[in-house]
Amino acid sequence: MVCGKFQLGNTMCRVFLSLITCIIVAESSSAQQLISFRPSGQVRPLIARYYATDAVGDSVVQSTDGRLHSISKSNGEFLTGGNARFKPLDADQVGRDVQQRLGTGFSVYRTQNYVIVYESSRDFAKWCGMFVERLNRTYYAFWKNQRLSLQDSEFPLVVVVYKNRNSFETRCRHEVGNGVKGILGYYSQHSNLVHVYDMTPAIKKENLPSNWSGAVLRHTNGERQIATLVHEAAHQLACNTGLQQRLAPYPVWLGEGIAMFFETPDLTHQKGWNGIGSVHRQKLSDFLVAKRDGLCSTWRDLIKNNETFKDSKSALAAYSQSWLLTYFLYKKKRSEFVHYVQQLAEIKPFDDTSKERSESAFFRAFKMDANSMAEELWQFSQSLVR
1127 MVCGKFQLGN TMCRVFLSLI TCIIVAESSS AQQLISFRPS GQVRPLIARY
1177 YATDAVGDSV VQSTDGRLHS ISKSNGEFLT GGNARFKPLD ADQVGRDVQQ
1227 RLGTGFSVYR TQNYVIVYES SRDFAKWCGM FVERLNRTYY AFWKNQRLSL
1277 QDSEFPLVVV VYKNRNSFET RCRHEVGNGV KGILGYYSQH SNLVHVYDMT
1327 PAIKKENLPS NWSGAVLRHT NGERQIATLV HEAAHQLACN TGLQQRLAPY
1377 PVWLGEGIAM FFETPDLTHQ KGWNGIGSVH RQKLSDFLVA KRDGLCSTWR
1427 DLIKNNETFK DSKSALAAYS QSWLLTYFLY KKKRSEFVHY VQQLAEIKPF
1477 DDTSKERSES AFFRAFKMDA NSMAEELWQF SQSLVR
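With the numbering used here applied, the sequence shown closes on residue 1512, and no number is skipped along the way.
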């Protein structure tokens, strides 16, 4: 799940400024606005740069820790002058900041590419770090093999691991509202953080983290633990490597489809996950059941309408359809699929006018019509049944 809106329940989240100073700095041929501001309740000012303008004309800025903040016009004016430069915080600084915001009970563990801020045991945090590092290597290698170049992440990649379900719901409710009750984890486009929790706390994890996977997989929630962590971390990578721009109106079916493409569990592997590209048996089963019960949207509706993902009655079917469509396009129309992904990477934040995301652009890209695609997808799904 991706949380991409500035919401606290049903209330738009605004950064109320007690101090705002704006500085324009010329870099090469373009100007970059830097903003120093102190959100309410914070002692230390944040340095930010202009990121985008939202649908109602308010500015969205990005602070040096990678977070996005919405500033309404009434909160201050842009002032010129100065010569400051935008410099992202390093991993240690971001880790300390996130730890401080979360409060008592959290610690920080660093890997090569990730900052794990954890409330769980340190060993479980290390285990999570091992998985996201494996995903990171696989993710870059996969897209390189498709001849699609990814950027290095400009900001440290942070994963927050809560000790249990109750802590996860309590601490994340302020960001996602009561919807937190229906999710296992999420990636927030405005904070740039992945949020997950230990679904297997009852397991006595006495062995080294690298040997825990077998015990975790035997747990009722084991497969979901791995799939959720990899899925949300895949969303984070997409938004930090140039595959998708944060707060862009990216098609939900494709964003979720790619994340599920990478999350596919492998119960035959000792670690429970062995890369990507395999048939996701759970999603295939979900699709076949939804199809049988008449719960699937038309493929045309799935492509052009994100609402089906928001309805609890249709969400499970929509996710399974998204996985199937993504897997089908990768397997049967790979070159067109990679080109399509490249095109959609250009969609700008809040740009609802982008032609690349339209229904007609989709069918042109893959040289299909809605009727023929529906038949091909059904036949493809049947070929995957063992």
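Hints listed in this document are in silico derivations from the structure and should not be mistaken for laboratory results.
Here a beta-carbon is modelled for each residue, glycine too, at the ideal position from N, C-alpha and C.
Worth double-checking, as some hints may not be accurate.
[To be verified] The list that follows gives simulated cross-link-like pairs (lysine-lysine, DSS-like), each with its CA atoms no further than 30 Å apart:
1) K1289 with K1270
2) K1457 with K1307
3) K1493 with K1457
4) K1458 with K1474
5) K1430 with K1457
6) K1270 with K1458
7) K1270 with K1213
8) K1439 with K1417
9) K1417 with K1457
10) K1270 with K1457
11) K1307 with K1270
12) K1436 with K1457
13) K1213 with K1252
14) K1474 with K1493
15) K1439 with K1307
16) K1436 with K1474
17) K1270 with K1436
18) K1213 with K1307
19) K1459 with K1436
20) K1252 with K1270
21) K1458 with K1436
22) K1493 with K1459
23) K1459 with K1430
24) K1270 with K1474
25) K1417 with K1474
26) K1439 with K1270
27) K1270 with K1417
28) K1459 with K1474
[Claimed, not checked] So the derived label-pair ranges between C-beta atoms look like this:
29) A1267 with Q1219: 15 to 21 Å
30) R1236 with S1486: 42 to 48 Å
31) D1218 with R1460: 37 to 43 Å
32) Q1219 with R1263: 40 to 46 Å
33) G1231 with E1462: 31 to 37 Å
34) T1479 with R1263: 43 to 49 Å
Each hint, compared with the structure:
This hinted pair does not check out: K1289 and K1270 have alpha carbons roughly 36 Å apart, beyond 30 Å. At most 30 Å may separate the alpha-carbon atoms for a hinted pair to count; K1457 and K1307 exceed this at roughly 35 Å. In summary, the hint linking K1493 to K1457 is supported, as the alpha carbons are separated by about 15 Å, within the 30 Å threshold. Taken as a hint, the K1458 and K1474 pair is honoured in the structure, with Cα atoms around 28 Å apart against an allowance of 30 Å.
Simply put, K1430 and K1457 have alpha-carbon atoms about 22 Å apart, close enough for the 30 Å limit, and the pair holds. This hinted pair checks out: K1270 and K1458 have alpha carbons roughly 19 Å apart, not beyond 30 Å. A hinted pair counts as satisfied when its Cα atoms are at most 30 Å apart, and K1270 with K1213 qualifies at roughly 28 Å. Taking the CA atoms of K1439 and K1417, the gap is near 13 Å; set against the 30 Å cutoff, the hint holds.
Restraint check: the Cα-Cα separation between K1417 and K1457 comes to about 21 Å, which is no more than 30 Å; the hinted pair holds. Restraint check: the Cα-Cα separation between K1270 and K1457 comes to about 17 Å, which is no more than 30 Å; the hinted pair holds. Restraint check for K1307 and K1270: the C-alpha separation of about 37 Å exceeds 30 Å, so the hint is violated. With a CA separation close to 28 Å, the supplied pair K1436 and K1457 stays within the 30 Å bound.
Taken as a hint, the K1213 and K1252 pair is honoured in the structure, with Cα atoms around 28 Å apart against an allowance of 30 Å. The suggested pairing of K1474 with K1493 holds, with an alpha-carbon distance near 25 Å, which does not exceed 30 Å. Restraint check for K1439 and K1307: the C-alpha separation of about 15 Å stays at or below 30 Å, so the hint holds. Between K1436 and K1474 the CA atoms are separated by roughly 23 Å; this keeps the pair inside 30 Å, and the hint holds.
Of the pairs offered as hints, the one joining K1270 and K1436 is violated, with about 33 Å between alpha carbons and a cut-off of 30 Å exceeded. This hinted pair does not check out: K1213 and K1307 have alpha carbons roughly 37 Å apart, beyond 30 Å. For the suggested pair K1459 and K1436, the alpha carbons sit about 29 Å apart, so the restraint of at most 30 Å is met. A threshold of 30 Å between alpha carbons decides the hint, and for K1252 with K1270 the separation of about 27 Å falls inside it, so the pair holds.
Annotation: proposed proximity of K1458 to K1436 holds, straight-line Cα distance about 29 Å (limit 30 Å). Pair hint K1493 plus K1459 holds up; C-alpha atoms about 10 Å apart against a cutoff of 30 Å. Of the supplied pair hints, the one linking K1459 and K1430 holds, its CA atoms being roughly 20 Å apart against a limit of 30 Å. Restraint check for K1270 and K1474: the C-alpha separation of about 23 Å stays at or below 30 Å, so the hint holds.
Between K1417 and K1474, the direct Cα distance comes to roughly 34 Å. Violation of the 30 Å bound is thereby established for this hinted pair. The straight-line distance between the Cα atoms of K1439 and K1270 is roughly 38 Å, outside the 30 Å bound, and the hint therefore fails. For the proposed pair K1270 and K1417, the alpha carbon gap of about 35 Å is over 30 Å, so the pair is violated. Taking the CA atoms of K1459 and K1474, the gap is about 26 Å. The hint holds against a cut of 30 Å.
Between A1267 and Q1219 the C-beta distance comes to about 29 Å, which lies outside the given range of 15 to 21 Å. In this structure, R1236 and S1486 meet the distance hint of 42 to 48 Å, their C-beta atoms being roughly 47 Å apart. Between D1218 and R1460 the C-beta distance comes to about 41 Å, which sits within the given range of 37 to 43 Å. Between Q1219 and R1263 the CB atoms are about 25 Å apart, so this pair departs from the stated range of 40 to 46 Å.
The beta-carbon spacing between G1231 and E1462, approximately 49 Å, falls outside the hinted interval of 31 to 37 Å. Range check, T1479 to R1263: Cβ separation about 37 Å, and the 43 to 49 Å hint is violated.
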